[in-house]
Amino acid sequence: MTTPYTTHEYDVIIIGAGGAGLRAAIEASSMGVSVGVICKSLLGKAHTVMAEGGMAASMGNVDDRDGWKVHFADTMRGAQYINNCEMAMHHAKEAPERVHELEAWGALFDRTKDGRILQRNFGGHKYPRLAHVGDRTGLEMIRTLQDHGIHEGIDFHMEVTVTHLIKEGNRVVGAFSYEREKGRFLLFKAKAIVIATGGFGRAYKVTSNSWEYTGDGQTIAYDAGADLLDMEFVQFHPTGMVWPPSVRGILVTEGVRGEGGILKNSEGNRFMFEDVPPNYQSSTADNEEEGWRYVTGDKHANRPPELLTRDHVARKIVKEVKEGRGSPHGGAFLDIAWIKEHIKDSESHIKKKLPSMYHQFMELAQVDITKEPMEVGPTTHYAMGGIRVNADTQMSTVDGLFACGECAAGLHGANRLGGNSLSDLLVFGKRAGEHAALYAKEHGDGTIDAAHVDTLVEEALAPMSRQDGENPYAIQHELQDAMQDLAGISRSEAGLNEAIEKIHALKARAANAFAPGNRDYNPGWHTALDIHNLLTVSEALCLSAVQRTESRGGHYREEYPEKTEEGSSYNTVVRKAPDGSMEVERMPVVPQTDEMKQIIEDNK
Amino acid sequence: MAQVTFRVWRGEGEGGYFEEYTSEVGDGMVVLDAIHDIQAEQAPDLAVRWNCKAGKCGSCSAEINGMPKLMCMTRLSSLDLTQPVTVEPMKAFPLVKDLVTDVSYNYEAKMKIKPFKPRKPDAEDGTWRIQQDDVERVQEFRKCIECFLCSDVCHVLRDHHEHQGYIGPAMFVKSAAYEMHPLDVEDRISDLKETQGLGFCNITKCCTKVCPEHITITDNAIIPLKERVVDEYYDPLTRLFKIFKPNKSK
Ligand SMILES: Cc1cc2nc3c(=O)[nH]c(=O)nc-3n(C[C@H](O)[C@H](O)[C@H](O)COP(=O)(O)OP(=O)(O)OC[C@H]3O[C@@H](n4cnc5c(N)ncnc54)[C@H](O)[C@@H]3O)c2cc1C
Ligand code: SF4
Ligand code: SF4
Ligand code: FES
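First to last, the protein sequences are chains X and R.
Numbering follows my numbering, with no gaps: position 241 of the first sequence is 241.
Numbering follows my numbering, with no gaps: position 218 of the second sequence is 218.
Bound-form chain R, shown alone (with noise of 0.2 Å):
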């Protein structure tokens, strides 16, 4: 067992300070761990969001010592102990208290997404055939917790606060998932470059690097559907061969 010294943020809305506690860290901890034992034995009001504590359910994201990651799995025998460990809050989010931020903005804009649409079923009974291949495809993206950490790191949102028109990177994601799923035969492409603001992503990657679920959420996801939008908008021959053929046929 050794002691620890933790510097958490502490406070509401815009003003907030680091506090520091000191606590025994042992075998195989996680921060989330740390975190607990802090409230349990010293500070029985410190706010912090979680529930599996195992990495499935994305509720822990914060930054520690600056980087935006999961407290569950982050161990601290991963960590530099002989500095105090420092955990805030995401910042791309309005503070609420403590460690806890509001990320009502990502539920917002999943809502501007349109939801998926099948074809019509492939068997009298209503079924559908797909191929093992084509449901991996998409599996990286449908592997997405919602953690946001994504969206906390990207510029767009976290320096230049273009929340109203721009869905963030967690939500390119899900229109991924939604675009290259097997049966879907919606068409998000005009919405991605209209009004979700794809756009202004500039493809720095920041995202990807801090996805917990190792989603390469901009090779993957954004550089498909900045495609789809080149090839819908500017491309003269697939616009002329959209007179013959709808878009998508799948």
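If we strip away everything but chain X, and leave its shape as in the complex, we get (with noise of 0.2 Å):
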């Protein structure tokens, strides 16, 4: 019989090239060892073609008062102080260099007047610090990136799925795919991996994410041992579009507020002046002409509410509707246009400013945003919680398993704040890169296993030897409406665990999975497979969920509306027990140091 797969070998193999593994590859190739790229669709494609509001560095050129100490402290309240500070340190200081590095990468961001980069305000962030062109910032960044990445000598390995890890003792030395194509098996040796596969907003029905974002990275990484973190904390943006049905989820940057864009209910009312947050209060504006200064750049003026943070923008907007003042088709309104009372020429300057936007609502909504509102309301968006791992080196709690970006967690705790994405994608991704690179250097070969590669193969062809059995697409949609109904965003201890039962019940499903049809570029297949990883990382998300007794960032429960003093003590720990059952852990949140203490009390 033929081998029913081909081996490749690199020192370093990244799964995923978005803004974190193409950093990651780019890194670890400068340090002179091999690098292969795995990457489930065609390059240029991954998630963060998408982004489009900005990316978060304290350069000061617009703001001279801002700096890493700044939004260091920004973060950290952000997060409501249960991320990882030590991640949050190494993220404000090394920012502005990996801003920099793109740009003499070949990246060109919006300038000032004087012609550096101009940054723009972003919620939770104090002064206007997002480097952005116009609203596609993702798209520059990964262009940038693969353009620069493709003549670095680096291998990619396009439309190719890792569906397991291979391990030898505690290290993983291997990873194990299949290609869209033809459906055939590739087996990649490594000394060290770096997974780098995004989030998993497919969990939910309503998302901003692609089909990609099904927990790939988190659940490989689980299912070799590594610890995941956070889980519990979802971040549901606040602009996402409700109408027509089938674009229902798509994102509208929240960079639409931040060039002035307000919100309001069907009576008219700007609902965000009302129920401000007491720590946020002090540096919210009081009322609609501040916020309006704020937004075109005066130093003195305190920020609009619509710029508050996304959990608290989210279930406000949720709030409206429930209490019978959304819009037609539940949400709230979002207008730009009426920055034509303060802008002359304002139709053009909002196509400048958000050319996608008003392309976005033209075409798949038949909405002129230069006339009139949008329609928006929550939308699931990002995973703050991953796999977890070492502030330093991103290695996680498996030897020689790193990783980066939205997969992994520690940086954003219960919330991310717009813009820190991008930005921790190259920070971390650098950081992960040159980790692996130097575990690669320092570890020989690992023997990988034939016999467990030949399970594998045997497991991955299973939904297309059956005869007859579930289908996988109605199992998803299954698990997306479930998830949306009892883990979005307002949950409970009843619905979490009819959560998990009905997980329990579509994962005996799932193993009956069919898939008709050949190994040619045959979808079901592929579903078939990622539903294992959906449902996986589903299920960590409702335990840790049951877990937090408290509510926090992106975690809300309804028994418990508020903060405790004792849910800022700890993060929740998901890992694979030895009998193949998932346990949760609380674990102790990562001490500050002194000057990280003097720092948020002096920016408080």
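Hints in this document: simulated from the structure, not taken from any laboratory.
Predicted model, so just to flag it, every value in this text is computed and none were measured.
The C-beta atom is built at its ideal place from N, Cα and C for all residues, glycine as well.
Treat the hints with care, since some could be wrong.
[As the list claims (entries may be wrong)] Where chain R lies over chain X, by a calculated footprint (3+ residues, C-beta under 8 Å):
| id | region |
| --- | --- |
| 1 | 207 to 220 |
| 2 | 240 to 250 |
| 3 | 506 to 518 |
[Said to hold, decoys possible] List of simulated lysine-lysine pairs, DSBU-like, C-alpha gap at most 35 Å:
| id | chain 1 | residue 1 | chain 2 | residue 2 |
| --- | --- | --- | --- | --- |
| 4 | R | Lys91 | X | Lys113 |
| 5 | R | Lys193 | R | Lys117 |
| 6 | X | Lys351 | R | Lys209 |
| 7 | R | Lys117 | X | Lys352 |
| 8 | X | Lys93 | R | Lys120 |
| 9 | X | Lys126 | X | Lys113 |
| 10 | R | Lys120 | X | Lys299 |
| 11 | R | Lys117 | X | Lys371 |
| 12 | R | Lys193 | X | Lys340 |
| 13 | X | Lys351 | R | Lys117 |
| 14 | X | Lys319 | X | Lys371 |
| 15 | R | Lys114 | X | Lys189 |
| 16 | X | Lys182 | X | Lys205 |
| 17 | R | Lys209 | X | Lys182 |
Since each chain comes alone in its own frame, lean on the hints to assemble the complex.
Here it is in structure tokens:
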């Protein structure tokens, strides 16, 4: 019999070619090791391409009072102080250099009058901090990294999906995958592996995320024994499209509010002025006029309440809808057209500042945002939780296995600030690439157990070898419905337990998933294989959410609507128990040094 | 809800045929939604590429009623639904299966373009000073989402199969993005003329018509590149001048 798979060998493999994976690959390659990048889609199509608003870095080009200390304090406050403070330090300190480096590789950002990189306001950031190009910053970032990376001697394996990691003792030594085109199996041998596969928004029905976001990286790491951290914290972005139904969930960038967009209910009230959280009261405008001055650059004005953190804005919109003051299709009104009261040529101003939003609403909803308000509502957006990593090296709890980008956890705690993800990708992508390369240099080849690989081949083929069975799409849809209703923006213990039961039932059905057709580019088969990942992250999420008996950031519990003192002391960790079941544990939050405490105090 | 018939291309490699599916169509749906419904309910192995569903990633290119378009940005209400809606893969690239084509030609063509090379930093701290106007001038090309629809319609590829010596309009846009980048000092003009086939383009403007990002490919990217070729190769004065002055002085 011929070998049912082909083998590739590298010092370092990177799984994922978004911002984090590409940055890691460039760094590893620059250290003289051989690097292979594996990605599920074509190069340049990863989620990062969709990022709109910008990348946070305290360069202080627009307001020179900004600096890494303020950025650090803002990130900590946004995260509700249960994030990894050491990661927040690295991130705040290193982000400006990472942005400049991107410019040296060809990225072009919008400019200030004196020709430096322009920075824009975003929720939770004290000063204008986001480097951006209109509202397509992610495209600029991924294209720059991609076009730089292809000339760095890195091999790219496109449309290849990793389904399992392979270990020797507690160390990873390889990854097993299939390619989409012909369904052939590929085995990658490596001395170190970086996971950069992004999030898992596809666990929900309403999401801004693409089909790729099925929690693959988190699941393969978990299956390999790694810890998952903070899985209860999912970011529901306040402004997704709500109508027409087929575009429900597609993101409306926060940049709309950064440029002066305001939220109104059906009675025409700017409801965000009510219920401003105590720790943001001193920095929030108390009238409309001050809010406008802020978005137009007045350094003495406080920010409008529309720019409060995402969790708060999202819940406020839900409240308006619940209390009967929503828009016709169950959202709130987001109005940027109103700036014509202040700006003469507002129409072309809006088109220039928010070109892809203009385009998106015109083509998908037939709404002209320069003239009419948009209808918006919360959408599942970002996973704060993910693979637990070391703050300096990004290594997980499994030897030789690194993680960076959205699939890793730590930086964002209970809530991520907008713009902190793109900078996260670069800062920790670089660190992960560097440390993976060092690890590869210090460790020899591993050995792969061929019998193990044979069982993986068999498992992967199972959905196609059945005569009949469950429709994988149906399982996926049922899971999405359950997660949306029971583990979404508002949660309860009873609901979460119901979701867990549902997940167990779906798991049993998934074991019998059936994919007709052959191995050639067969999405039914791919969905059947992805289902295991979606179910795993969903279960981890629900178990963690039951554990956290308080409300904080993205996690809201109906029975416990307030934050607790106890809740600020721990993080939730999920791992695979020896018997194969999922176990949950509380772990103390990484303690702050005196210096950090001082910085936070100084920037209150 | 209305019942609509879709004629979708099925098959691999050389062989293929149209299969008809009837599907429910609701408010605001785009072609990709209908394809997904068909996939979930009738044809689980129907191959289609997509990622963002918001016109941002350029994955879902296809030919809808014969017009090259992004499936995720084509509203069904913009089509005549009394007739079957035809959905086919792009034609200028080899078919993989159903609606998926092998677009690796474009990635290979990009490798032939010399990468970005910046001038020396303007400031001591290693950063540059650029005017917003200069940023905006190249913005148009940097919007490219690499959907390859422009190359799909270009007759040089589609009818004459010159994939070897021609990088196609998508990569002309890429070249223009580099050439007009305010910091770039590389010279790509001789490559464009000698090995990348800029001369094959006879300015039919078909590419411009299909670009979902509304990039004026022919007028703003290709023609200025052609002018640079002319300046560099055929204008004696420029040539003489070049002896005294490096060709790009930014
Ligand atoms: C619409 C939208 C707008 C956003 N705007 C902003 C913003 O303005 N600012 C900001 O900071 N953040 C923003 N974000 C968040 C940010 O874009 C993402 O968190 C970030 O891009 C994730 O990058 P990544 O490198 O971790 O993963 P991705 O870019 O998602 O890349 C994941 C990669 O992993 C690959 N992959 C996945 N699974 C597998 C597998 N099993 N095998 C092989 N490969 C695999 C994929 O193919 C892909 O290449 C936005 C997100 C969305 C959805
Ligand atoms: S203008 Fe040139 S590149 Fe564009 S389609 Fe016509 S021949 Fe091709
Ligand atoms: S230039 Fe336009 S049509 Fe061509 S690849 Fe880019 S976005 Fe697509
Ligand atoms: S799916 Fe991204 S452009 Fe259509």
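Verification of the supplied hints:
no.	hint	result
1	207 to 220	holds (count 3)
2	240 to 250	holds (count 6)
3	506 to 518	holds (count 4)
4	R/Lys91 with X/Lys113	violated (46 Å)
5	R/Lys193 with R/Lys117	holds (20 Å)
6	X/Lys351 with R/Lys209	holds (21 Å)
7	R/Lys117 with X/Lys352	holds (28 Å)
8	X/Lys93 with R/Lys120	holds (25 Å)
9	X/Lys126 with X/Lys113	holds (21 Å)
10	R/Lys120 with X/Lys299	holds (34 Å)
11	R/Lys117 with X/Lys371	violated (42 Å)
12	R/Lys193 with X/Lys340	violated (48 Å)
13	X/Lys351 with R/Lys117	holds (31 Å)
14	X/Lys319 with X/Lys371	holds (26 Å)
15	R/Lys114 with X/Lys189	holds (32 Å)
16	X/Lys182 with X/Lys205	holds (30 Å)
17	R/Lys209 with X/Lys182	holds (34 Å)
Consistency note: the structure conflicts with the earlier hints numbered 4, 11 and 12.
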